[in-house]
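Protein chains in written order, with the numbering used here: chain E, 5 to 101; chain F, 103 to 374.
Calculated from the structure, these hints are not laboratory results.
Since no wrong hints were added, every one of them can be taken at face value.
Computed list of lysine-lysine pairs in PhoX-like fashion (alpha-carbon distance at most 20 Å, straight line):
hint : chain 1 : residue 1 : chain 2 : residue 2
1    : F       : Lys171    : E       : Lys66
2    : F       : Lys180    : F       : Lys214
3    : F       : Lys214    : F       : Lys171
4    : E       : Lys66     : F       : Lys180
Take a look, some chain F residues computed to stay more than 12 Å from chain E by CB distance:
hint : residue
5    : Val204
6    : Glu213
7    : Gly229
8    : Ala268
9    : Gly271
10   : Leu352
Note that CB positions come from ideal geometry on N, CA and C, so glycine has one too.
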Amino acid sequence: MNLLGLFRRRNSAPVARERLQVLLAHERAFVGKSDLLAVLQEEIIAVIARHVTIERERVQIKLDRGDPISILEIDVEVPSAAAAAALREARPAMAGG
Amino acid sequence: MATVLVVTSGKGGVGKTTSTAALGAALAQQGQHVVVVDFDVGLRNLDLVMGAERRVVFDLINVVQGDAKLPQALIRDKRIDTLSLLPASQTRDKEALTAEGVARVIGELREKFDWVICDSPAGIERGAMLAMRHADAAVVVTNPEVSSVRDSDRIIGMLDAKTAKAEKGERIDKHLLLTRYDPARAARGEMLNTEDVLEILSIPLLGIIPESEDVLRASNLGTPVTIGSPNSVPAKAYFEAARRLRGETLVVTVPAERRGLMGRLFGRRAVA
Numbered sequence: 005m006n007l008l009g010l011f012r013r014r015n016s017a018p019v020a021r022e023r024l025q026v027l028l029a030h031e032r033a034f035v036g037k038s039d040l041l042a043v044l045q046e047e048i049i050a051v052i053a054r055h056v057t058i059e060r061e062r063v064q065i066k067l068d069r070g071d072p073i074s075i076l077e078i079d080v081e082v083p084s085a086a087a088a089a090a091l092r093e094a095r096p097a098m099a100g101g
Numbered sequence: 103m104a105t106v107l108v109v110t111s112g113k114g115g116v117g118k119t120t121s122t123a124a125l126g127a128a129l130a131q132q133g134q135h136v137v138v139v140d141f142d143v144g145l146r147n148l149d150l151v152m153g154a155e156r157r158v159v160f161d162l163i164n165v166v167q168g169d170a171k172l173p174q175a176l177i178r179d180k181r182i183d184t185l186s187l188l189p190a191s192q193t194r195d196k197e198a199l200t201a202e203g204v205a206r207v208i209g210e211l212r213e214k215f216d217w218v219i220c221d222s223p224a225g226i227e228r229g230a231m232l233a234m235r236h237a238d239a240a241v242v243v244t245n246p247e248v249s250s251v252r253d254s255d256r257i258i259g260m261l262d263a264k265t266a267k268a269e270k271g272e273r274i275d276k277h278l279l280l281t282r283y284d285p286a287r288a289a290r291g292e293m294l295n296t297e298d299v300l301e302i303l304s305i306p307l308l309g310i311i312p313e314s315e316d317v318l319r320a321s322n323l324g325t326p327v328t329i330g331s332p333n334s335v336p337a338k339a340y341f342e343a344a345r346r347l348r349g350e351t352l353v354v355t356v357p358a359e360r361r362g363l364m365g366r367l368f369g370r371r372a373v374a
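Bound-form chain F, shown alone (with noise of 0.2 Å):
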């Protein structure tokens, strides 16, 4: 049985296309059948961040319009053989995805892959209301500052109200990610906390993603963290969080702040 996730926030540059890419590596590093879907038409990146960029022929709306079919568009990793891409478009009208034609592809990935993880584009607009229509859960990516939490806020409501599922009066799962969390100034109280944000938002915690170099070097060399760094803090936390989406329970770790030298180095000068 298929579950569609879909990775939204409301707010731009969270982490949402980072975020999606290192979790369904993670899932499919996991053994699960995985794909990737890019519903930012007209402004595609998680190609990029999945380092198939020089691959895309086909995307979603080829398929949605019928001018291809799913196995032409759909790209396969080369890394883990489990993982495929459906890029989004990069030019054409954003008025060509239509509410049935996604629901026509959700479907037939539905019977290929054990998930299928869609990965929004910001905003509250059609693009970000056609990713979560379909969606079984939902992963909302959270920065622990103001504007992103009350995006967020407003994106749960939205789960709650414009989801199929939530029509048919049917609950979808919720789950916070909380991304680009910087342990020390958390500490410092400079930056919300993690119970500032969970209190607030009241849903349940999938993980927290220290703010992290591995991070943007991952994008650089489009590998997700958790192909190409699966040892660093980020891949672990990522690790879990696929875990605890396929239903385990594990305590969540805050990041503490494990800094070696260049990290107490930066430290002390951000201090000074």
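Extracted from the complex, chain E is given alone in its bound form (with noise of 0.2 Å):
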């Protein structure tokens, strides 16, 4: 049990380092940037918006960093049709076109 115990403790630091130094390269290259998922994200908001009317609440973008790629994930809910007249019609601002 207690070999056991110490084996595993010893098998924690190297996980450690690791998140810090993936999270820690992310953070870095990211100084003075941290709008940058806010200003995507309103970026691409007004790009479909273009073409089609959604939500602004049903937008949920998901991050996920990593070495050596992060995933960007970018969830928008898209309304039918009758959906987006009755959308349009309750919030004529948000409506694309």
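Since each chain sits alone in its own frame, please combine them into the complex, following the hints.
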């Protein structure tokens, strides 16, 4: 039990090291650019809203920072034609076109 | 009815963030809907201790300023689906955290969760004051050590004076969480013991978390100790603390010197 415990404990520091390396590489690269994701969101929403009616609240941005790649995932809920028409009536400002 | 809980201490490095993660996870593991909120603007770390550092997109200040909606900023835990994290901002100006904005966000969180656990920054500045502002209850994290006990005493005074509840003349529930407790050193009289600390601070005891390598390991892995090592002594202490927060009455056990071979070897070396 104790030998196993010792072995396991020895194993956690390399994990900590790797997590920190990935995190800090991203944080150093993004110093002063903390708004990047907010800017991306705004621009992506604007582009999509030009073609289809969407609701701002129904846009989910997910990120998984990794090494060697990060994954930026953007979920946009696109309402059906009828729902979109109702939305346009309710909120003309958000309508695309 | 949601409970807003602040985890605070005054002093830094006593285990606020670790305890926020462990208590939050423990409550969620008991089926409660929990959000842990990092108030340490500029120096966020709760994301790292929760293992969500790679997934932070938006943060508390984005929500306070209206750049993101609350559901967009909340990060759902991958291991326990009733547990969420609202991270702190890393680089922005601390002034961006406004009293009104925080009140609004806490109000929204109250509607979604059973527990809103606010991880306070160290110190007694603005961030710490905002973290405790809307609390219904507080966990005062204290090490059995003179400067930590003194700072906890000051924080207790602030909880009784500066919170919204206190200003309305209501009482805020305060719980003492004694962390980094070393039973061997306390037994040898080298460290304040539980009775000493309780007598000085005179608030009820929520739990005693022994100094443990399981806790260190939990931070290294980004897995709260109640998830990563649920049968360890500190995890059991956090689980019991969570049950006490939910109103159960359980006798607090002072961690005894239950040491194995390694512990005994270390103990002997330390004495020699």
